[in-house]
Structures are given as C-alpha cells and as structure tokens.
Amino acid sequence: MTKPWHWFAFRPEAPTAAFASAAAFRADGVQLGFLATWLVGAGRKPIGALGIDARAIDPHGEPAWVSLALAPERIRVLFDDPAICQAMRAVLSGPPVDVMSTLVRDPSSIGGAFTAIHATTPEGLADDPFTRVFPRMLLRVERGFVGRMPSPIGPGVQRYAGVPWPWDHF
Amino acid sequence: MPSAAPRPAAGDHFIDFELPDHNGNRRRLSELVGGDPAILQFYRGFWCPKDQASFRELVRLQDQVEVAYTRMISVSVDPPEVEAAFRAGIGGRWTFLSDESRELQAQLGLLETTDTVHRPYVPTVFTLYPNLRIHSVYNGYWFWGRPTNAELAADLRAITRAIRTDWEVPAR
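The listed protein sequences derive, respectively, from chains L and U. Counted from 1, the first sequence has number 12 at position 12 by the working numbering; the numbering is strictly sequential. Counted from 1, the second sequence has number 21 at position 21 by the working numbering; the numbering is strictly sequential.
Because the hints were derived from the structure by calculation, they are not lab data. Fair warning: there could be bad hints in the mix.
The following label-pair restraints were derived from C-beta to C-beta distances [what the hints assert, rightly or not]:
(1) L:Met137 - U:Thr113: 54 to 60 Å
(2) L:Asp81 - U:Gly91: 17 to 23 Å
(3) U:Gly91 - L:Gln31: 39 to 45 Å
(4) L:Arg132 - U:Ile90: 47 to 53 Å
(5) L:Ser93 - U:Arg26: 33 to 39 Å
(6) L:Pro95 - U:Arg157: 33 to 39 Å
(7) L:Gln31 - U:Asp166: 36 to 42 Å
Partial list, derived from the structure: chain L residues whose beta carbon lies under 8 Å from chain U [unchecked claim]:
(8) Glu13
(9) Thr16
(10) Ser93
(11) Ile153
(12) Pro155
(13) Val157
(14) Ala161
Even for Gly, the Cβ is constructed at its ideal location relative to N, Cα and C.
Chain L with its partners taken away, still in its complex shape:
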C-alpha cells in the first residue's frame, strides 16, 4: 500500500533525488530556496524532513502560493498542545484552501503546517491560523509541486496512527 504521506523539507539549495521539487520565491521575487518531497520508504529519511500528506503534492501541479509555518528546530511542540488543536479548529472553520497538511516531526510532535492556494495573489492565505503558532514564510512556488485536496473533514482534530492531519482513515 502506498504510504499516505511523503517526506517534505525546505532547502536553501536544489535538492537531489527528490520525488518533486520546485523553486520558492518571496513576494518581491527574491528566491529563498526550494521545496522538496521524497517518497517514504525509498531510501533513508532526508535529514530534517517532515511528514506531509501525500495529497498535498503533485509533480504536475500548477504554480501556487504557499504559507509555510515551521516550528523552530530546537522546540518540540506536541500535536495535542491546545494551541495546535485550536489552529486545526480554525482551519475547519475558515475559508477553503487548495491544500492543507500539518507537518509531522515524529509520531507525537508537529513540525509545522503547509497551506496552499492556486491563485495569482496570496490574499487567500492571509489568515492561516498556524501563523499564530509558528513563524511562517509566504512563498510563490513554481509549477510541479503543489497538488489539490478537498477541505479537511471535520470535526476531528486528532490524527490517525501518527500521520499528518487531516489524513482521515485508520
């Protein structure tokens, strides 16, 4: 069975052996780095990579704006932290986006959140609830990385077997 998640990382340099990657730019056009994913089970876990819902990634996807909220590496934040649960509730209550996945550091702690829209401007990401928890980068990402997935099915805010929320099946 295909794993329901991939490994994901933001890299300052072009990644090697990635399943998908794309250059990422600031709103003013300055390139900040690359977004990359690797298939789980295909070799060792890339250093610093986080789990992301596989539906978030499409190697043929259209250009997108990405709100990438990342927890500082030195800080371990539990998925069950009330701030995280409240951010998930806010996602369920908020306007629809094209992609939303939490980023899994280990079975119990969160590494951040990946939210994206296929749009020409980033206004639809102005109220990403995870920006109230983690520092975030607002990135314009080239074609070939961001997929589409239906809005999370509420009201659940618990994950299934440690995979990224909103993955919704045991």
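Dock chain U against chain L, hints included.
For chain U alone, kept in the frame of chain L given last:
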C-alpha cells in the same frame, strides 16, 4: 404527511450517496464516514427555530466528537453557499452537504410534504456504523423526537465498542 418512498430503518445499509459540500466539493458518504462511527443529520434549513436549537446542541457535542474518531455530517436542500454561511454562523466544524436538486430527498422518502413552501427534509438523525449500516433512527418532525446528546453518545459508544477490537484495553 410523510412522502411515499420507504425510509431507511435501523439495520439497513444507507445508500452511498454523493453530494456537493458547503464548499462545493463533491463528497461521497463513505468518504466522509471514513471508517468511523458517524452521525448523519438531515435538517429543514437555517430558518427553522427547531433546527437552530438542535444545532446548538450538536455544536456542543462536536467538542467531544472531534477527539473521538467519530464523524458528523449534516444535509439539507439549501445551496452550498447558504450552508457555508449557516455553518460559519453556528460555529460548526463538520461537513454540510447540499441536496439542492432534492434527488436524494426523494430517494430516501424524506420530503416534508406539510411544508409546501420550503419542501425541506423531514428532520431525521441516523447513527451509522463505518460500513453505513444504520444503528438508530430519530424522527425529528416533532422536536421531542430528536436525539439528545446523551442518546447520541450512547449510540456512538455502542458502535465504537462493536467496531474497535481494542475496546477492552490490550494486555500488552
């Protein structure tokens, strides 16, 4: 006056219908139930004071449902954008489905024929097993026919006990 088509009853398997959700995404019932116990609620519309009272209770229940690997789904004949506004207004965080064409309503025999203005659903709540088998049905035409949160919790406990092989705490 009830409509003529036979209504789903306890022990039946619910049909795996597909409808647009409050954001316009096509959703299949089995996808929304997703392997968990579920509450499937059909309601008249945002304008009904009885429904508003029922929703206030469901909004309270969602705080428990959200941590209990359980699903809630609400269905009406309102358009998706109306459902989205209602959902936002009450603070609902679960999926609402729109049967604007009333095709599912006819298939289920749940047209409330006494309201010829709105032609809404007969307020009805089903509790479902993950395979869409119906555990209980609550006919809410009269308000006191609707389930309390305690009754829903009892149903969900019974379903969860039946489907979770580790209901009894594993020894190791």
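Comparing the hints with the structure gives:
1. L:Met137 - U:Thr113: 54 to 60 Å: Since L:Met137 and U:Thr113 have Cβ atoms about 56 Å apart, the given range 54 to 60 Å holds.
2. L:Asp81 - U:Gly91: 17 to 23 Å: Given about 22 Å between the Cβ atoms, the range holds.
3. U:Gly91 - L:Gln31: 39 to 45 Å: holds, 41 Å
4. L:Arg132 - U:Ile90: 47 to 53 Å: violated, 23 Å
5. L:Ser93 - U:Arg26: 33 to 39 Å: violated, 22 Å
6. L:Pro95 - U:Arg157: 33 to 39 Å: holds, 35 Å
7. L:Gln31 - U:Asp166: 36 to 42 Å: Violated: the Cβ-Cβ distance is about 49 Å, outside 36 to 42 Å.
8. Glu13: Interface hint status for L:Glu13: violated (37 Å vs cutoff 8 Å).
9. Thr16: Result: violated, 36 Å to nearest chain U Cβ.
10. Ser93: holds, 6 Å
11. Ile153: Holds, about 6 Å.
12. Pro155: Nearest chain U Cβ about 4 Å off; hint holds.
13. Val157: holds, 5 Å
14. Ala161: This interface hint is violated because 11 Å lies over the 8 Å limit.
When each numbered hint is compared with the structure, violations occur for hints 4, 5, 7, 8, 9, 14.
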